[in-house]
Amino acid sequence: MDALLLSRLQFAFTIGFHILFPTLTIGLGLFLVVLEGLWLKRRDPGIYRMLRFWTRVFALAFGVGVVSGLVLSYQLGTNWGRFTAVTGNVLGPLISYEVVTAFFLEAGFLGIMLFGWNRVPPKIHYLSTILVAVGTLISTFWILSANSWMHTPAGFAMDGERMVVTDWMAVVFNPSFPYRLAHMVVATLVATAFLVAGVGAWCVLRDRHRDFGRRSLSFALGMAAVAAPLQVLVGDLHGLNTLEHQPAKVAAMEGHWNAHDGPAPFILFALPDQAAGRNRAEIAIPYAGSLILTHSLSGAVPTLAAVAPQDRPPVAVVFWAFRLMVGLGLWFVVLAGIGLYARRRYALTQWRWYLRLLAGTAPLGFVAVLAGWVVTEAGRQPWLVYGHLRTADGVSLVPAESVAVTFGLFILAYGVLLAAFLAFFLRMVARGPGDADDPPHFQNKAKAAVVEEG
Amino acid sequence: MDLDLPLIWSAIIALGVFMYVLLDGFDLGVGILFPFTRDAGERDVMMNTVAPVWDGNETWLILGGASLLGAFPLAYSTLLPALYLPVMVMLFGLVFRGVAFEFRFKTAGRHLWWDRAFFTGSLVASFAQGALLGAFIQGVAVERVADGGYRYTGGAFDWLTPFSVMTGVGLVCGYALLGATWLVWRTDGALQQRALSAARGLTLAVLAFVAVVSLWTPWANPPIAQRWFAWPNLVLLAPIPLAALAAALVLLRALARGWERMPFLMTMALFLLSYAGLAVSLWPFAVPRVMTIWDAASPPESQMFLLAGVAVLLPVILAYTFYSYRVFRGKVRAGAGYH
Chain A
1 MDALLLSRLQ FAFTIGFHIL FPTLTIGLGL FLVVLEGLWL KRRDPGIYRM LRFWTRVFAL
61 AFGVGVVSGL VLSYQLGTNW GRFTAVTGNV LGPLISYEVV TAFFLEAGFL GIMLFGWNRV
121 PPKIHYLSTI LVAVGTLIST FWILSANSWM HTPAGFAMDG ERMVVTDWMA VVFNPSFPYR
181 LAHMVVATLV ATAFLVAGVG AWCVLRDRHR DFGRRSLSFA LGMAAVAAPL QVLVGDLHGL
241 NTLEHQPAKV AAMEGHWNAH DGPAPFILFA LPDQAAGRNR AEIAIPYAGS LILTHSLSGA
301 VPTLAAVAPQ DRPPVAVVFW AFRLMVGLGL WFVVLAGIGL YARRRYALTQ WRWYLRLLAG
361 TAPLGFVAVL AGWVVTEAGR QPWLVYGHLR TADGVSLVPA ESVAVTFGLF ILAYGVLLAA
421 FLAFFLRMVA RGPGDADDPP HFQNKAKAAV VEEG
Chain B
455 MDLDLPLIWS AIIALGVFMY VLLDGFDLGV GILFPFTRDA GERDVMMNTV APVWDGNETW
515 LILGGASLLG AFPLAYSTLL PALYLPVMVM LFGLVFRGVA FEFRFKTAGR HLWWDRAFFT
575 GSLVASFAQG ALLGAFIQGV AVERVADGGY RYTGGAFDWL TPFSVMTGVG LVCGYALLGA
635 TWLVWRTDGA LQQRALSAAR GLTLAVLAFV AVVSLWTPWA NPPIAQRWFA WPNLVLLAPI
695 PLAALAAALV LLRALARGWE RMPFLMTMAL FLLSYAGLAV SLWPFAVPRV MTIWDAASPP
755 ESQMFLLAGV AVLLPVILAY TFYSYRVFRG KVRAGAGYH
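Going line by line, the protein sequences match chains A and B. Residues 1 to 454 in the numbering used here are what the first sequence spells out, letter by letter. Residues 455 to 793 in the numbering used here are what the second sequence spells out, letter by letter.
Don't take each hint at face value.
[As the list claims (entries may be wrong)] Here are the computed lysine to any residue pairs in the SDA-like style, where the Cα-Cα straight-line distance is at most 20 Å:
(1) K560/B with A430/A
(2) K785/B with S651/B
(3) K560/B with A420/A
[Said to hold, decoys possible] Only some residues are given here: those of chain A computed to face chain B with a beta carbon under 8 Å:
(4) V67
(5) R119
(6) D211
(7) W351
(8) A400
FYI, nobody ran anything at the bench for these hints, they're computed from the structure. From the three backbone atoms N, C-alpha and C, an ideal C-beta is built for every residue, glycine too.
Could you build all of it, start to finish, from the sequences and the hints given here?
Pasting the structure below:
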């Protein structure tokens, strides 16, 4: 294997690993802001226990997210040196802005959020929690701006081999950015909601930490009921935006090789054959393709035939990742809908089959995020900067052996980290909130009792 | 008014890197000192002195890398492929020690593996940073290519030389000294005593390394020798080594008398003066003897766009970083609540 393929695999692997943790911390960050606000308002011990428990999960995910993000910020240079040489004038400042507006904010107040309960007044603590959550959102803003710019580049000109910026507003708010940002932020909410709901469902099923489980379940399903349907809407808008700017990607998502006579069907399942330029074994719904993409029954859909073979994305990967993402998205809507119905019937903790489904769904939000990321990034191929810089022209000229060795080490190291993270997380769930998670005045009372007895 | 943007940006990056070296330096040093005690409680205390702040400390490293990319993309895209392996080694070290902060406290009673990860990660990352510094001072073999960029022409292990090994070991000692003097300040009892005695030995080791690098660098690079020893630079620059010597003497005295805060301050002063010495030697290169900061600079539009934000935000960042340190001031003792 050459350095290009190895660098691509290594980057895909390291970013795929990394993306899981910001997904959790962005979603949980907002979750914690709501919880702590409720705690300050109602002084309900059950809410406090939830808050402290999920803060521990947040801290665990944040730690892994920080270190794996640090790796990425340097990999741009080590593995993609020519890419940064060409695009550095554009993307460098965006990433720097992420550091100065987001990373420092998160890091500066994370310490207070985690360790500052007895060192700062409650309002300052709440402010810290808010600032950490805002930091994760600002970070998302910049990184998705940079990523979107690679998909829909704007506001720059070529100066020899290098790009120079002509309009910063056009760079930051490039055409696909608002849709991509909304899609990602809602995705973090959906993924987090189903993780929390799954944990709550598990606790109720096993009859452990029942109060904590019931509250987590109810809270998370409330969030899911808003976020899951919203995501369908946002995803559709994002898809239309992609249709406008990256038709080849949409053609790959839909599996349309050649123009259809009349209205396009929606291809449910197929085995795309890149070499032959067609699908094998297609199952299609007539008219639906035109309806979904053009919101009319007769609109024309983009085809891969319009794209030169060497400029086509890997169709099978994009096609299947897209189906996985959409399928999961619809599943989340169904589950959230059942949740609403169960709540109306006061049966949220009664229907064991539903709780089992929720427990099984706990990790699937993250699978959907990964699938969505594959759709968008594999769909951009063979370009790094869509239409301007090919992936093959962006790689560093480093020995393939160096990349291979470090890739092997990444697989090993991240494998250990993921296993450890999951083990810790599962153990935390099994233990549930402990005595240390009782509200401060409870703990003081307990201590006072001990002193009196002694 | 014409701003010399590359000059301003090199000052900002120099500040960022220095903040990183000072701040992550002491928390990496705490990790390097882990084997000095086997007592789990003492290790908890050591870790708790840095747990609330390490993440902010490490952010300065990302600032350094991102600002280099933002303001000097040509230097970034030339240096990082050339220094591929030591950068990766550093990252692996930082990954393992970083997760150890959270993971360690989740393994009640069975800290062994995450203790090892914390120590080894800190050690490896520190050594790699020192080696990177050495390799940077020595310069990287690159050639100009058609598109105006640079291509690394050396091998994967060119960075590994006796000089870079020495700077690597030197920085490990330096960080350990920062860590030890930090612990002298922030702990008490047996742990503080242990840190005091470790600091004494480390001070001597660090002074030896500083002396060797100070002589080796000009000896190996005539232009650098010229800069330091030519008249009148010899007189103008003399305050740097003299002040370093003074700081070292105060440091040793403070350690002998058991002063609590002075050793850390003096160690920081030593770092600052060594850093200033390096800056004198390397000025004005972004990649030594290949490109100056003006060659490497991104266009004024990019540098200005970024500067507007940084000029406003850097003081704010420093302010809340200071606030966060104040919240966690005071001696850290066993049983100090973890979240």
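Verification of the supplied hints:
1. K560/B with A430/A: holds (13 Å)
2. K785/B with S651/B: holds (19 Å)
3. K560/B with A420/A: The hint holds at about 10 Å.
4. V67: holds (4 Å)
5. R119: Constraint on R119/A satisfied, holds at 5 Å.
6. D211: violated (21 Å)
7. W351: Constraint on W351/A not satisfied, violated at 33 Å.
8. A400: violated (10 Å)
The earlier numbered hints that this structure contradicts are 6, 7, 8.
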